[in-house]
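Peer 1: Based on the hints, put chain S in the right spot on chain L.
There are 2 protein chains.
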Amino acid sequence: MSILVVGSVALDSVKTPFGEKKDILGGSATYFSYSASFFTDVNLVAVVGSDFPKEHLELLRKRNINLDGLKIVEGQTFRWSGSYEYDMNEAKTLSTCLNVFETFKPEIPDSYKNIEYVFLANIDPDLQMDVLSQIKKPKLIAADSMNLWVKIKKESLLKLLSKIDILIINDGEARLLTEQPSLIKAGRIILDYGLKYVVIKKGEHGSLLFSKGGFFSAPAYPLEEVFDPTGAGDTFAGGFFGYLTKLNKKPTEHDLRKAVIYGSVMASFNVEDFSLERMKRLKPEEIETRYKKFKEITHFR
Amino acid sequence: MSILVVGSVALDSVKTPFGEKKDILGGSATYFSYSASFFTDVNLVAVVGSDFPKEHLELLRKRNINLDGLKIVEGQTFRWSGSYEYDMNEAKTLSTCLNVFETFKPEIPDSYKNIEYVFLANIDPDLQMDVLSQIKKPKLIAADSMNLWVKIKKESLLKLLSKIDILIINDGEARLLTEQPSLIKAGRIILDYGLKYVVIKKGEHGSLLFSKGGFFSAPAYPLEEVFDPTGAGDTFAGGFFGYLTKLNKKPTEHDLRKAVIYGSVMASFNVEDFSLERMKRLKPEEIETRYKKFKEITHFR
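Chains as they are written, first to last, in the working numbering: chain L, 1 to 301; chain S, 1 to 301.
Bound conformation, chain L alone (with noise of 0.2 angstroms):
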């Protein structure tokens, strides 16, 4: 089976506690694919400038992520800079050049149309609607969102979420989204808007998992050092979404532990290293041994 993921590829700026680095490649769509190549085929529909580096292309390429949705058009790549200071849960935006991202429309080729398993990354809600109304079968749809978008598209989003399976979002997002300080209650509320599953991320404190009849909760895999946190979320998502795309059948409860699990491993190797430095040298032997530990260290009798 295969995903179709939509969302941005970017070109970031970072700084953090470790080092900076200038114009590294970023995105969630990036991100997201990257780490889903691990356990399906990915298919990805986004927008990048005439300045857009060509090694990048051949970085995804080689993970057999396929760039025929890849549009480049003449202009300026979409462009973030941000820092992280010692509490590494929270980037600071310094600046967003939304550059030729700013008029993206997100067109399926029509070799994506038949594609079942959609991930939406973060991006306006109403071309998220979009690009579902171009899938012909879908079979499950994920889907990610931001704050901005709850603040001046709420209605949308809403809409949104009553067509999709599971919502992955971080905990201040839930929190802003339900006007509800409490997790537990923000991701049942959530449900509530006509979602199958709600996974809340919550940084360095790990997940929760909500569903009709359940609830799990994991910490994050516990790292001495956190590198650099761009792009865990997606990454997060890619790992989540990429086990049950592999599945290819109706999860179970256990299934979905097993890519909320599967996610947290993925997005613990991204925060290793810079943009996509520690994804580039992980190999899927060391996936399975952090699975393993994984559950070595949050069991109990």
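Check before you lean on any hint, since a few could be wrong.
[Unchecked claim] Reference listing, derived: stretches of chain S covered by chain L, where coverage requires no fewer than 3 residues with Cβ under 8 angstroms from a Cβ of chain L:
1. 204–216
2. 221–229
3. 250–261
4. 288–298
[What the hints assert, rightly or not] Lysine to aspartate or glutamate pairs mimicking EDC-like chemistry, simulated, CA-CA at most 20 angstroms apart:
5. S/Lys-295 <-> L/Asp-255
6. S/Lys-21 <-> S/Glu-296
7. S/Lys-185 <-> L/Asp-255
8. L/Lys-295 <-> S/Asp-255
9. L/Lys-292 <-> S/Glu-296
10. L/Lys-295 <-> S/Glu-253
11. S/Lys-295 <-> L/Glu-224
12. L/Lys-185 <-> S/Glu-225
[Said to hold, decoys possible] Far from chain L, some chain S residues (derived; all Cβ distances over 12 angstroms):
13. Lys-15
14. Gly-19
15. Glu-58
16. Tyr-86
17. Leu-94
18. Ser-95
19. Glu-116
20. Asp-126
21. Met-129
22. Lys-139
23. Gln-180
24. Glu-277
25. Arg-278
26. Lys-280
27. Leu-282
If you're looking for bench data, these hints aren't it; they were derived computationally from the structure. Even for Gly, the Cβ is constructed at its ideal location relative to N, Cα and C.
Peer 2: Same frame as chain L, but now just chain S:
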């Protein structure tokens, strides 16, 4: 087996988003004792003033908590007053009136001196050391501390840590003590101060257990509503140490993990109401039910 606990018994005034209470029963040794009493016998050493309500003594006695070591002296009982905003993880201290607690010099009654399980709740580390010197043959010693002692009595605290087996502190204290933002690193550093086990409590984010060869990470028990977090840390310690005392053997990694979960379970009950109100209504079978539930919502294949 039984526990000796030395700490504070206080009258608290607490304000949370859910209400406000004046002069309710509190104190580290109170919360610890009450929680531990569900697992084993508890022998208390503390001091209160002549204003201390008799019904509180009755409440403790009804749980078989031995009060031979509780001194009642002329004057006012230790009073603490604090409030919580919607982020219930941190109390804002409004006032601390030590009163009779200011000159507290713990005297261990002869009948307590052979007790093998010792919990030193948060008091001046020099007093904690003094208590140790009065105990004949301790088998397992655990302690709590606080930011104040890290700041003004770090040397005494480090000396204490080299003499005890287990330190149970919260995330902020661990970071301050080690000057290390990463809790994973902080836990390892604290172990090297000469401890066998370190437990770092992260409030609503769960807890971490460090030992020479092991590591365990547990989320908190998910509650829709935290009513009043006062005493959660001491209640955790009571469940944790109470369980280990009940076992009465050199704990294995798995025993310690179970102890952490029992601690979390007890704390999860405590925060459901003011003071010891929820604990007063607690039935032993509820503890076991929540323990099972904890496993159910955290395990994966």
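Peer 1: A separate judgement is required for each hint: does it hold in the structure or not?
Peer 2: Checked hints:
no., hint, verdict
1, 204–216, "holds (count 5)"
2, 221–229, "holds (count 5)"
3, 250–261, "holds (count 5)"
4, 288–298, "holds (count 3)"
5, S/Lys-295 <-> L/Asp-255, "holds, 17 angstroms"
6, S/Lys-21 <-> S/Glu-296, "violated, 35 angstroms"
7, S/Lys-185 <-> L/Asp-255, "violated, 32 angstroms"
8, L/Lys-295 <-> S/Asp-255, "holds, 17 angstroms"
9, L/Lys-292 <-> S/Glu-296, "holds, 19 angstroms"
10, L/Lys-295 <-> S/Glu-253, "holds, 15 angstroms"
11, S/Lys-295 <-> L/Glu-224, "violated, 26 angstroms"
12, L/Lys-185 <-> S/Glu-225, "holds, 8 angstroms"
13, Lys-15, "holds, 16 angstroms"
14, Gly-19, "holds, 16 angstroms"
15, Glu-58, "holds, 35 angstroms"
16, Tyr-86, "violated, 5 angstroms"
17, Leu-94, "holds, 21 angstroms"
18, Ser-95, "holds, 26 angstroms"
19, Glu-116, "holds, 25 angstroms"
20, Asp-126, "holds, 32 angstroms"
21, Met-129, "holds, 32 angstroms"
22, Lys-139, "holds, 23 angstroms"
23, Gln-180, "violated, 10 angstroms"
24, Glu-277, "holds, 20 angstroms"
25, Arg-278, "holds, 17 angstroms"
26, Lys-280, "holds, 24 angstroms"
27, Leu-282, "holds, 21 angstroms"
The structure does not agree with the numbered hints 6, 7, 11, 16 and 23 stated previously, though it agrees with the rest.
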